Every structure is written in structure tokens, then in C-alpha cells.
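Which chain is which? The protein sequence lines are A and B, in order. Each residue of the first sequence is one higher than the last, beginning at 1 in this note's numbering. Each residue of the second sequence is one higher than the last, beginning at 129 in this note's numbering.
Just so you know, these hints were derived from the structure itself, not from any lab. These numbers were taken from a predicted model, which means no experiment stands behind them. Be aware that a few hints might be false.
Claimed, not checked - Pulled a few chain A residues facing chain B out of the computed Cβ check, cut under 10 Å:
hint, residue
1, Ile18
2, Phe71
3, Lys82
4, Ser90
Unchecked claim - Covered by chain A, per the in silico footprint, the following chain B stretches (three or more residues, Cβ under 8 Å):
hint, segment
5, 805–814
6, 823–833
Stated by the list, open to error - Listed next, the in silico DSSO-like pairs over lysine-lysine satisfying Cα-Cα at most 27 Å (straight line):
hint, chain 1, residue 1, chain 2, residue 2
7, A, Lys97, B, Lys800
8, B, Lys497, B, Lys679
9, A, Lys62, B, Lys728
10, B, Lys563, B, Lys728
11, A, Lys97, A, Lys28
12, B, Lys903, B, Lys1006
13, B, Lys847, A, Lys28
14, B, Lys821, A, Lys82
15, B, Lys1018, A, Lys62
16, A, Lys28, B, Lys821
17, A, Lys91, B, Lys916
18, A, Lys91, B, Lys800
19, B, Lys908, B, Lys1015
20, B, Lys679, A, Lys62
21, A, Lys27, A, Lys79
22, B, Lys847, B, Lys821
23, B, Lys1015, B, Lys916
24, B, Lys869, B, Lys895
25, A, Lys28, A, Lys119
26, A, Lys47, A, Lys91
27, B, Lys821, A, Lys8
28, B, Lys938, B, Lys965
29, A, Lys62, B, Lys802
30, A, Lys62, B, Lys908
31, A, Lys70, A, Lys118
32, A, Lys62, B, Lys563
33, A, Lys62, A, Lys28
34, A, Lys97, B, Lys802
In this text, a Cβ means the ideal position worked out from N, Cα and C, and glycines have one as well.
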Amino acid sequence: MNIQKNIKVLIVDDEPNILLSLEFLMKKEGFIVFIARDGEEAFDIIKREHPKIVLLDIMMPKVDGYEVCKFIKQNTETKETKVVFLSAKSKEVDIEKGYSIGADLYIPKPFSTRDLVKKINLMAAEVI
Amino acid sequence: MNSIILGIISIYYLAFLFFVAYQAEQKTKKGKSVVSNANIYSLSLAVYCTAWTFYGSVGRATADSIDFLAVYIGPTLVMFLAFPILLKIIRICKTQRLTSIADFISSRYGKNRSLGVLVTIICLLSGIPYIALQLKAISNSFGILTNSLSNPNILTDHTFYIVILLIVFTILFGTRNVEATERHEGMVAAIATESIIKLASFFLIGIFVTYWLFDGFQDIFSKAHLIDSIKKNFTMKQDGGMSMWFWHTFLAMMAFMFLPRQFQVAVVENVDEKHLNRAMWLFPLYMLLINIFVIPISIAGGIIFSGKPVNTDMFVLSIPMHYSSELLAIMTYIGGFSAATGMIIVETIAISVMVSNNLLMPIFLGIPKSKSIINRNPSAVVQYIRRFSIALIIILGYFYFKYITEKYSLVSIGMTAFVVVAQFAPSVLGGIFWKRGTQKGAMAGLIGGTIIWFFTLIIPSLVSSGVLSDNIMNDGLFGNTLLKPYELFGMTGMDNISHSTFWSLFFNITLYFFISLCTKQTSLEHNQAVLFVDVFQYSKAIENSTVWRGKALVSDIKSLLESFLGQNRTERVVRMFAVRNNVNVQTRYADASFVNYSEKLLAGIVGTTSARMMVSSVAKEEDISLDEVVEILKKSQELMAVNKELQQKSQELKQLSEQLQAANEQLLLTDKLKDDFLSTVTHEIRTPLTSIKALSEILYDNEDLEHGERQHFLNTIIKESDRLSRLINQVLDLEKLESGKVRVLNETIFLDEIIEDAVESIEQLAKDKGVKIYKIIDKKLPNFHGDKDRIMQVMVNLLSNALKFSETNKGTITITAYNEDSNLYVNVIDDGSGISKEYQELIFDKFYQAHDQTIKKPKGSGLGLAISKRILELHNGKIWVESEVGKGSKFSFTIPIE
């Protein structure tokens, strides 16, 4: 647990109630949690905080999740950042598209909280 | 005035006509026909107004007062009343390729050669004096202007040189194409131009006299009252005045239709039947205009030359000369010159076609020696014959003028010609309305009528010119007093012209009618009678079907065509015919339809009679009965009807398949939209579901949660569940509305009540949020019919949206409603966050998230607006939004009251 304390996690979603649960879950695991309600906010935080892991919704107003993912993966400073798509788009094609853009993980909504937490923890171990 | 100068002016004028005609022909060659124009057609009809009108009307108005008008009322009546007759004659000539009145009559009565000859001779008898009359007008006007007398020596007579020029012009523009159906466009253009010139110049002299010499119409008429001799003229004569009016008007009607030159311009040169519609009023207008100044000029002349021996026919020239206005005199001269030349040119062309086709060609074809010459190069022969005829006719006219006409007023020659031309009326009118009329009847009528005409009008003129002794006038023929030329069978009290018209037509009609009833028609005659009388019924079929039976070699027919059309054109024509009618022309014996078609083509070139002779010389013919003819025509017409039906059917099929394709596309689109909708709905359901699931799991796994947090999570789960069920309800509702399964009630709705209720339902929520609601509602809103609950749903939806986006404790919502142009308008205005342009359309769309689109529309507007839109559409209404980000939105909808 202690090891993860200084790992920064950014959660990007436009649904406040989803943010509510994700924030709770990540904080409980001891991550340093940042929150963005749309793509533009996400850009700011990514540039400022360089989070190690980003939980990313796809469908959002203004800038969508794909754009954010591309930004992270194309930028030399941030390309090591892990991107986890959390999306209601759950068709095969959507998942494939997510990975092709550079996502490290794609979890369809609705998700199992235990499963999610397990996977994020594994990822955090890699990041260190 | 110097006669050389005037001569040069005349020549210049003719050169100008050459130019006009040449230009028109050039334009036609380029495919831009100037003659195919209703105005030009109407103007060309005005060739009716000859030098006789130009000079003679004034003379006649002076001598006989207002009955000169009868001559102009006739054509006007024809245009108004006999318009269908003219149309029928035009249609017959087009379908049968007839090119002259002689052709018309001979073709109707079994393509009879002697009838053609007879009509041609009658036309010559009427035409040559008439041409002479025009030459006399030219000569007299020339004489008055140059103050010289007509020269008895031909070589020093200026008129002779004008005659030569006219012959050249007429040959150039009258025989350019041998095929008479190919029209003389250059000539028509020149004639139309001349009509404008004569009208303009007559107007000029009229205005000069009426407004320059006198003070307008009133002044002239009031002065006329002072002179007894004029006054007398304006009272109707008691002795037969009315009958004279009647007969003269009637004569003018017949002349307008059957004079060779009128038949030429009205029928043969007609490009499009529709042009008649314009001519119907334009030509009578022309007649009216050219007659306006006749009486004023004649009165003025009477006053000015009172007591002096001035030729009344030449008033229009004498008046300007009297006032030494030379320029005006020259212009008037040009007007008269154009009236005369126009008549000569058209009349000569028309008669020359008859002379060559009905008189000379059949004779030459009948003589073996000359026939072989014709066969070598027939089109050249036809052209030479026609040129020769033209020269002959004009020269004959010149001699007639030179040696016979000196004594007559211009009008009497004209009227004499009218009477003989009126002899065509029974055969033509009977021929197109009465199937029973026979060739022998027509022949007898024409001969009888013409003999009476000769006896009652020509004999007296021969007497008065001294050729015959005047015994016959006083004692009658063979000393029989019943046979006096002017008092036939003792009839008195009529003027000579009416008298002659009455008796000649009496004999003509009687003979035509009774002999027709007593004689039998040949089968060909019978066939033609049907084709003429029922032309409108069969006009399409006549062109496409064949009323001929017999045997002819294709090679014979082809060589016949080749000799007139040339090899290339024949090939082209035959090929076209074969393709169009699906006929094989490569066989040994020609198809009947091909022979028939060839004969019609030839008829256009050499006339019906000659064409008939030529074809029968190469074909072995069999008779064909009328029943068979009618059968053929009917079949052809049925075939056309079936064809038309088939075409219609295929058109319908095509439309059907297009509709099918459209429906298919619509289906595909609907399918795709449904897909999109489904994935959108799933996504929308997954979102609250995700929250509910995640929060429930958190609650389950974390028993040690703080009370506040626990409550917050539970509350969120409840809200998200509500959201979920609301969404499902909306989806179902929308589905119902879209599929049309929903029943929209038809209740009387008072909009103000609806707004009141809707506001009440969200009042509490608004109060809680601190948002104020204002209403500006018209007092006298009319009620309308619709589904109350549904309209309420729209209203509530708009209000709750507005409330949702209003700022807490600060926002305001304004509702306005009014009636404009039978439409109710409702606006819901908030000052909330607003909607950016790109979403303003999207928010009403249930499928807001297209396949690849990952951008969401603004939150909160779920399916509510899509449902509202659909409800309003069911009420024939509309909904839209105007908004600016940060300033607020204005949602508006409108419903028509009925």
C-alpha cells in the first residue's frame, strides 16, 4: 500500500456519479487522485501533474477520450503513462479501436469494482 | 421631279427588298428562321392590301363613300369567324403536301387533272388583270410625281424596267427550292417588311393631311358637311345599299381565303398552325389601322381639289404634290410601290406553281419526247418551267396593263377578280365539309360560275372598251332581253358586282350540288373526300398509313425520287422513312407505304396531278375501296393509341421502380437509424447502471463507511435508478409516437390553461432553486384542437429544461404566447448557460450520436426534446431554438389553429 502512495491517478469522466465511485475506489487504494470532467481539463492536469495512470471515459463533450489518449501517447514526456479506457462503448470494434490508439487496458461499463481495483493495482506495480 | 431620280429610288427600294430576303434566307440556312414567327405571319397576310388599298380605297371612298370598307371587313370576319375553316385547309395541305389552290381542288376530287387545269386558268384570268392593276398603280404614281405621261414605247417606259427587276426578284426568291413545300422564307420576310412600309407611309400621309392641313378628324368632318357632293356620300343609298354591303363583304371573305396570293401566304407559307392564333387579332388590327385615314384623305382631297379634274385614285400623291412636299410624296410613292410589288411577287409565285405543276408539267409528261427530256433532269426542268411561268405571267400582266386597263378605276378590276375567285368557294368549302361532293359536280359548278362571271362582268368591260358593240348591253344576248349582262333574268336594283356574284354563285352552287348528287365518285375520289373531310380525325394517321395498293419496283420509285431530290437526298429520305416506319426498302417490290410516301414527296415538287401521273407510270395499281381506306386509317390510329398506352405503361413502370428504390433506400436509412438509436439507448442505460453497480459494490464491500457518505451513495443510487426508469419510459413513449401507435386526441385546448398548469407543476422546484418565472400571454388566445396531455408534456419539458439550466438564485424564465396569422406561438426564454450553435439542431434529434461520433450533446436533454418535436409534428406544428452560450436560450414552438 505504501508503495502506491505517490502514484498519481487521473480520472476523466463527464458523469459526476461515476466520478464519485471511481474517486472513492482509487483513494481507498492510496493513489493520489486527480479529477477532470472533460478532455480539456484532462489536458491541463496531464501537462501539470504527469499522472502515471489515467482512467479515461470516451464519450465526453468538447474533446473525447480518443483525443486525450492520442495526446498522451504521442507526447514524449507522457507516453509512458498508462491509459485505461472505461467506456459504455463495449462492442468488439470499439475495444479494438481503443487498443489501436494506444490504450493499455479497455474496461467496458458497467464494470466490477473489485476487478477494476485488481487490474489497476497490477498496473501500478508495473509503473513503479 | 426628275424621273431618273425617282427611278433610282425605286431600284434602291427593290435592292433593299433583295437584301431583306437574302438575309432571311441566310438566317434560315443557319437554322434560325425569322419567318417562323406569328408576327411575321400576320404581317405577310397583309399582302391582301395591294396598291388598290393604297390608292384605290381613297378613290372608292370618294366615289362610293363608306362601302369601300366592306372589302376590309370581309377578311376581319374570316379571321374571327372562319378561323376553323382556315385551320382545316392548312391541316389538309400539310398532310397532303398541297402547294396551291389548284392542287387543293384537284386533289380533293380524285387528283383530277382537268380540275387542276381549270382552276389554274381561272387563277390566270383573275391574276393577270390584277397584276396589271398593280403595274398601272406604279405607272400612274410615277407619272404624277414626275409629271409625265405614260410612254407608249415600251423601251422608254420606266414601268417596263421595273417589270424586268420584279421578274428577276421573283425568280430568285421564288424558285430557289423546287419543292414548293419548302416555303419561300426570303419572300415572306420581304412581304412582311413591305407590309410595315406601306402601313407606315399611309399613316404618314394620313397624319399630314389630318393634322397638318386640317385640325384633326373633327375639323375635316365638319368641313365636309359644307360640301354637298361629299355629304351625299355619307348617307346610305336606299337602292340596294345593304345588299351591296352584304355581297361585297362576302366577296372579300372569299377572296381573302382563295385568292392565289392569299392561299400562298396563309396556307402554303404557314410554318406553324399556332401562328393563326396571333393573326386572328393582329391582322384585323392591321386592316383597321390602314383604313383609319382613308375617309379623311378622301374628304380632304374633295375639298382641296374641289371642281378640278384630279384622279381621285391618286389623292394620296396629289395632295403632297399640291403642297409641294416632295419628300412626303416620295414616301407615299414608296408605300404604294411596296403594296404593288408585294402583290405582284406573291401572286406570280403562287400562279407560276400552278401553271407549271397543273398546266405545263402534265402536258410535257404526256408527250413521250418531252417526257424523256424531263426524265433526264427533272428538277432542272421544273425549275425552268417555273421561271418561264413567272416571266410569262408578269409580262402578260404588263401587256394587259399597257393595252387594256387604261379605262378602269383601280377598284373595278380588283372586284372583278374577287368575283371569279369566289367561284372556288363551293368546291373548296363543299369539299372539306361534304363527302358527297364529286369531281363532275365541282367541274360543272366552276365552269358554270365562271361563264356567268364572264358574261356579267367581262363582256360589259369589253363593250365599254369598244371591242364589242353595245347591242348586247341593251338588247341582251341573241336579242333576248332576259340575257342582258347587267340585268340577267331581268334582275335589277343591284350593283354590277353584287349582281354578278349572286348569279355566278347561284349557278355554281346549284350545279355543284345537283350534279354531285347525280354522279358517282371514283374510289380514289371517295378516299380523298374522306381524308379531306375527316382530316382532324385522321391527320396523324394519314401521314403514317397507306391508302394505295399495287405493285411497283423499288428501283423505279427510287430513280423517280432521285431525279427530283438528287441521289444523296433520296438515299437520306429513303433511309429515314425505312427506319421511322420499320419498312424494308431493300426488297424488289416496293412496300405500299413507301410508294405512297414517295408520291406525296413528289406532289410537293410537281403538284398532285403530275406526281400521280409519274407514280402511275411506274406502278401497276389496284383500286382500293373506301371501306378499306377507313379500315386502314382506323388501324393506324388504334396502333398509335396502343403505342401511346404502352409508352404510358412503361413510364408508370419506371416511376414505380423509382419509388421502390426510394422506399428501399428509406428502409436502409431507417435500419441504420434504428441501429444508431439502439446503441445510443444502450449507452444511455449503461451510464446510470455503471454508477448504480459501482456504488452498490462499494457499499457492500465497505461496511465501515461513514454515515454521511453512505447516505450520499445510497441517494445517488436512487437518483440514478430514477434516471434509468425515466429513460426507459421516454424510449417507449418515443417509440409509440414514432410508430404512430399512439392516439392523438382531438380535444379543445385553451393554451393559457396549459401554460398555467405547466407552470404550477414546476413552481415548487423553481422556488427551491430561486428562479423566477414570468408570463406574458395574450389575453385573447384562440383555442385549438389537439391532445391536451401531449401539449402539456411539451410545455413541462421545456420549462423543466429551462429550469435545469438556469442559474441558482439568479435565473429567470419568461414565457410568452401570442397568435399571429392563425398560428399560436409559444416561447420559453431562460438566461441560463445557453447552447452552442453546433448543438442547436442536434438537441431535437433522438439519434444525436451518430456511429463514429464520440462527442456528446449537452447534458440533460435526453429524449425530451425529441419527444416534444414529434408531438408538435403530430399537431402540424414546429419547434426550434435560438441560443447564445452564456446568455441563455429561447425555445419556441408554433401550432396552426386549424
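Hint by hint, here is what the structure shows:
1. Given hint, Ile18(A) at the interface with chain B, holds; its Cβ is 5 Å from that chain's nearest Cβ, closer than 10 Å.
2. At about 15 Å, the closest approach between the beta carbon of Phe71(A) and any beta carbon in chain B exceeds 10 Å, and the interface hint on this residue is violated.
3. Of the supplied interface hints, the one on Lys82(A) is violated, with its beta-carbon coming no nearer than about 20 Å to a beta-carbon of chain B, more than 10 Å.
4. Nearest Cβ of chain B to the Cβ of Ser90(A): about 8 Å, under the 10 Å cut. The hint holds.
5. Counting residues of the segment 805–814 of chain B whose beta carbon lies closer than 8 Å to any beta carbon of chain A gives 4, which reaches the threshold of three, so the coverage claim holds.
6. Coverage of the segment 823–833 of chain B by chain A holds [criterion: at least 3 residues with CB-CB distance below 8 Å; count 5].
7. Under the criterion of a C-alpha separation no larger than 27 Å, the hint pairing Lys97(A) with Lys800(B) is consistent with the structure, at around 21 Å.
8. A threshold of 27 Å between alpha carbons decides the hint, and for Lys497(B) with Lys679(B) the separation of about 26 Å falls inside it, so the pair holds.
9. Among the hinted pairs, Lys62(A) with Lys728(B) is inconsistent with the structure: their alpha-carbon atoms are about 81 Å apart, more than 27 Å.
10. Of the pairs offered as hints, the one joining Lys563(B) and Lys728(B) holds, with about 22 Å between alpha carbons and a cut-off of 27 Å not exceeded.
11. Distance hint between Lys97(A) and Lys28(A) is unfulfilled; the C-alpha atoms sit about 31 Å from each other, more than 27 Å.
12. Between Lys903(B) and Lys1006(B) the CA atoms are separated by roughly 21 Å; this keeps the pair inside 27 Å, and the hint holds.
13. With a C-alpha separation of about 24 Å, the suggested pairing of Lys847(B) with Lys28(A) holds against the 27 Å cut-off.
14. A distance of roughly 25 Å separates the Cα atoms of Lys821(B) and Lys82(A); the hinted pair therefore holds under the 27 Å criterion.
15. Simply put, Lys1018(B) and Lys62(A) have alpha-carbon atoms about 23 Å apart, close enough for the 27 Å limit, and the pair holds.
16. With a C-alpha separation of about 18 Å, the suggested pair Lys28(A) and Lys821(B) falls inside the 27 Å cut-off, and the hint holds.
17. Of the pairs offered as hints, the one joining Lys91(A) and Lys916(B) is violated, with about 42 Å between alpha carbons and a cut-off of 27 Å exceeded.
18. The hinted pair formed by Lys91(A) and Lys800(B) meets the criterion: a straight-line CA distance of about 16 Å does not exceed 27 Å.
19. Pair hint Lys908(B) plus Lys1015(B) does not hold up; C-alpha atoms about 31 Å apart against a cutoff of 27 Å.
20. Distance restraint check for Lys679(B) and Lys62(A): the Cα-Cα separation of roughly 90 Å exceeds the 27 Å cut-off, and the hinted pair is therefore not satisfied.
21. The straight-line distance between the Cα atoms of Lys27(A) and Lys79(A) is roughly 24 Å, inside the 27 Å bound, and the hint therefore holds.
22. Distance hint between Lys847(B) and Lys821(B) is fulfilled; the C-alpha atoms sit about 13 Å from each other, no more than 27 Å.
23. Distance restraint check for Lys1015(B) and Lys916(B): the Cα-Cα separation of roughly 32 Å exceeds the 27 Å cut-off, and the hinted pair is therefore not satisfied.
24. With a C-alpha separation of about 38 Å, the suggested pairing of Lys869(B) with Lys895(B) is violated against the 27 Å cut-off.
25. A C-alpha spacing of about 15 Å is found between Lys28(A) and Lys119(A), which places the hinted pair at or below 27 Å, so the restraint holds.
26. Restraint check for Lys47(A) and Lys91(A): the C-alpha separation of about 31 Å exceeds 27 Å, so the hint is violated.
27. Restraint check: the Cα-Cα separation between Lys821(B) and Lys8(A) comes to about 25 Å, which is no more than 27 Å; the hinted pair holds.
28. A distance of roughly 24 Å separates the Cα atoms of Lys938(B) and Lys965(B); the hinted pair therefore holds under the 27 Å criterion.
29. Distance check on the hinted pair: Lys62(A) and Lys802(B) sit about 25 Å apart at the alpha-carbon level, within 27 Å; holds.
30. The straight-line distance between the Cα atoms of Lys62(A) and Lys908(B) is roughly 45 Å, outside the 27 Å bound, and the hint therefore fails.
31. The hinted pair formed by Lys70(A) and Lys118(A) meets the criterion: a straight-line CA distance of about 25 Å does not exceed 27 Å.
32. Straight-line distance between C-alpha atoms of Lys62(A) and Lys563(B) comes to about 89 Å, which puts the hinted pair past the 27 Å bound.
33. Among the hinted pairs, Lys62(A) with Lys28(A) is inconsistent with the structure: their alpha-carbon atoms are about 30 Å apart, more than 27 Å.
34. For the suggested pair Lys97(A) and Lys802(B), the alpha carbons sit about 23 Å apart, so the restraint of at most 27 Å is met.
The structure shown violates the earlier hints numbered 2, 3, 9, 11, 17, 19, 20, 23, 24, 26, 30, 32, 33.
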